[in-house]
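Residues in the sequence shown are numbered from 8 upward in steps of one, following this note's numbering.
Quick caveat, the hints were computed from the structure, so don't treat them as lab data. Check the hints yourself; a few may be wrong.
Pair by pair, the computed Cβ-Cβ distance ranges are [unchecked claim]:
#1 16 to 50: 40 to 50 Å
#2 101 to 16: 18 to 28 Å
#3 11 to 85: 43 to 53 Å
#4 40 to 102: 20 to 30 Å
#5 109 to 41: 33 to 43 Å
#6 59 to 101: 18 to 28 Å
#7 55 to 11: 37 to 47 Å
#8 44 to 111: 14 to 24 Å
Keep in mind the model is a prediction, meaning the values are calculated, not measured. Glycine residues also receive a C-beta, built at the ideal position from the N, C-alpha and C atoms.
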Amino acid sequence: MSISMYKASTPVFLRMLGNLDALLEKAEANAKERGFDANLLVASRLAPDMRPLSSQIQFASDTSKGAVARLSGGAAPAMADTETTIVELRTRIAKTIDYIKSVPASAID
8 MSISMYKAST PVFLRMLGNL DALLEKAEAN AKERGFDANL LVASRLAPDM RPLSSQIQFA
68 SDTSKGAVAR LSGGAAPAMA DTETTIVELR TRIAKTIDYI KSVPASAID
């Protein structure tokens with residue numbers, strides 16, 4: 008049984024990015040319920056030697072769109088790493104998902 012590069016990569020990226028978006032949505036809801044600004048989480052770190060949440064999302068976005076671009080021989084859309092709010096991070100995820108979905112399987116395989 009053979010598997011294509013498209014099937015081995017694109018669904019994984021889309022699922023992961025969708026999960027990140029769902030986590031950010033839950034973070035917003037939790038912050039609202041607890042009465043604090045969800046955007047405080049954007050600069051938060053789980054450990055002192057870890058990058059902030061914004062960087063983690065940016066890395067996931069860059070890795071996904073970069074891999075699809077390299078596999079398809081195309082160019083990934085440029086995205087400045089300037090997100091400072093949950094809404095901006097979710098927008099970046101949505102743009103990354105849109106780009107990945109725009110690349111046809113035939114371009115990767």
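Comparing the hints with the structure gives:
no.: 1; hint: 16 to 50: 40 to 50 Å; in the structure: 31 Å, violated
no.: 2; hint: 101 to 16: 18 to 28 Å; in the structure: 19 Å, holds
no.: 3; hint: 11 to 85: 43 to 53 Å; in the structure: 27 Å, violated
no.: 4; hint: 40 to 102: 20 to 30 Å; in the structure: 28 Å, holds
no.: 5; hint: 109 to 41: 33 to 43 Å; in the structure: 38 Å, holds
no.: 6; hint: 59 to 101: 18 to 28 Å; in the structure: 20 Å, holds
no.: 7; hint: 55 to 11: 37 to 47 Å; in the structure: 42 Å, holds
no.: 8; hint: 44 to 111: 14 to 24 Å; in the structure: 41 Å, violated
Hint violations for this structure: numbers 1, 3, 8, all remaining hints satisfied.
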